[in-house]
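Q: Chains as they are written, first to last, in my numbering: chain A, 1 to 117; chain B, 118 to 233.
Be a bit skeptical, because a hint or two may be false.
[Stated by the list, open to error] In silico DSSO-like cross-links for lysine-lysine, where the CA-CA straight-line distance does not exceed 30 Å:
id, chain 1, residue 1, chain 2, residue 2
1, A, K14, A, K66
2, A, K64, B, K143
3, B, K186, A, K66
4, B, K186, A, K41
5, A, K64, A, K41
[Said to hold, decoys possible] Ranges between beta-carbon positions, derived for each pair:
id, chain 1, residue 1, chain 2, residue 2, range
6, A, K55, B, V161, 28 to 36 Å
7, B, E134, A, L68, 44 to 52 Å
8, B, R171, A, P86, 45 to 53 Å
9, B, K143, A, N51, 25 to 33 Å
No lab work stands behind these hints: they were computed from the structure.
Positions of the beta carbon are idealized from the N, C-alpha and C atoms, including for glycine.
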Amino acid sequence: GAVVSQHPSWVICKSGTSVKIECRSLDFQATTMFWYRQFPKQSLMLMATSNEGSKATYEQGVEKDKFLINHASLTLSTLTVTSAHPEDSSFYICSARPPGQGVYEQYFGPGTRLTVT
Amino acid sequence: SQQGEEDPQALSIQEGENATMNCSYKTSINNLQWYRQNSGRGLVHLILIRSNEREKHSGRLRVTLDTSKKSSSLLITASRAADTASYFCATLDLGAGGTSYGKLTFGQGTILTVHP
Numbered sequence: 001g002a003v004v005s006q007h008p009s010w011v012i013c014k015s016g017t018s019v020k021i022e023c024r025s026l027d028f029q030a031t032t033m034f035w036y037r038q039f040p041k042q043s044l045m046l047m048a049t050s051n052e053g054s055k056a057t058y059e060q061g062v063e064k065d066k067f068l069i070n071h072a073s074l075t076l077s078t079l080t081v082t083s084a085h086p087e088d089s090s091f092y093i094c095s096a097r098p099p100g101q102g103v104y105e106q107y108f109g110p111g112t113r114l115t116v117t
Numbered sequence: 118s119q120q121g122e123e124d125p126q127a128l129s130i131q132e133g134e135n136a137t138m139n140c141s142y143k144t145s146i147n148n149l150q151w152y153r154q155n156s157g158r159g160l161v162h163l164i165l166i167r168s169n170e171r172e173k174h175s176g177r178l179r180v181t182l183d184t185s186k187k188s189s190s191l192l193i194t195a196s197r198a199a200d201t202a203s204y205f206c207a208t209l210d211l212g213a214g215g216t217s218y219g220k221l222t223f224g225q226g227t228i229l230t231v232h233p
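Extracted from the complex, chain B is given alone in its bound form (with noise of 0.2 Å):
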């Protein structure tokens, strides 16, 4: 199966500061979504950008996708102490239905940490 690869594994910026993560896949993908984990607590999604998408935004978050090279990334701007958090990209893989459908594969996540 596919496995994301995110960088950096981790990021310490300051409050005001953007936030770029980086995250690569291997194979042939549906959409690509970024979640967000805070410490010991569920994940939350945040922006789903298509395969046919180059680029989305919601709020200060902004996400390029190019499918050319296997890559997404994620920008948080003007970053704020609540935005500590660990995100993670996943792909989602159709493939041949069955089994693959609806399944994600995450990424190894980044550690993002903000200092006020």
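The following block holds chain A by itself, in its conformation from the complex (with noise of 0.2 Å):
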């Protein structure tokens, strides 16, 4: 089956530093990968959507520059959360959907925890 995987499954950054956290397709390729912030015990909530080889489309209120998305190849996105505060500390999962008409479901990585001190 379709296998997303995130690197690194967790980190602890001091504040004012910057994290990049990555996200593989490993077996299928993917023009779209979406990117969400989950609090404890909170729901999923879109970031943004990464589509490869443009810019990324952030959703309302997700600052572009401080959660810089780079969608450099068909298996590889990237989020880069700049000069991060302890209110960035969450667990950011990313999906990815395989390409073709009428494919709607989407394959989640196993998440990166990151807690800004």
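Dock the two chains into a complex; use the hints.
A: Take a look at the structure:
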């Protein structure tokens, strides 16, 4: 089946530093990947849609200059949290959708736990 | 954007019992999907029901969809301790295309605990 990986699985960083999270589709090519954020005991909130070869589309209220997204290839999207602050501590999850008409399922990565101290 | 509402927020049952979770949404949809999330992990896709379907089965899972009431339910029969997880519904709103294409909107989720 379709497998999506994320790296790292967890990271602790100091306030003011930047952190990069990778999302890879391992056995399929994904022109579109999605980045979500999930706070404890809450649901997933879509942050942005990452499109290979073009700029990401950010959801309302998400700062594009703070959460930099790069979809450099059909199997890799990266999310960089710049100048991280404690309030950015969260569980970040990516997903990828295999190409093809009528393919609506998304396959999710295992998530990255970010803690900003 | 639409937001799915799920109830109950938490459900605690004994092994062997059935678990029913409900989800409501606000706008027109192409399909509705149910996902499972074990604590601190990613999501696993369980089942997808299209807007022109009323009921769907997969193993011990049964999903219903009532588009007139904008609601769906997930039934897990003969529950097991391993079913303990959070369950989320998610709707796919194709809308006018563009940025909404393929975008899932998740409900708040139901935390299911199955006691052995």
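Q: A separate judgement is required for each hint: does it hold in the structure or not?
A: Okay, the hints, checked on the actual structure:
{"no.": "1", "hint": "K14(A) with K66(A)", "result": "16 Å, holds"}
{"no.": "2", "hint": "K64(A) with K143(B)", "result": "28 Å, holds"}
{"no.": "3", "hint": "K186(B) with K66(A)", "result": "40 Å, violated"}
{"no.": "4", "hint": "K186(B) with K41(A)", "result": "27 Å, holds"}
{"no.": "5", "hint": "K64(A) with K41(A)", "result": "25 Å, holds"}
{"no.": "6", "hint": "K55(A) with V161(B): 28 to 36 Å", "result": "30 Å, holds"}
{"no.": "7", "hint": "E134(B) with L68(A): 44 to 52 Å", "result": "47 Å, holds"}
{"no.": "8", "hint": "R171(B) with P86(A): 45 to 53 Å", "result": "47 Å, holds"}
{"no.": "9", "hint": "K143(B) with N51(A): 25 to 33 Å", "result": "27 Å, holds"}
Hint check: a violation occurs at hint 3 only; the rest are consistent with the structure.
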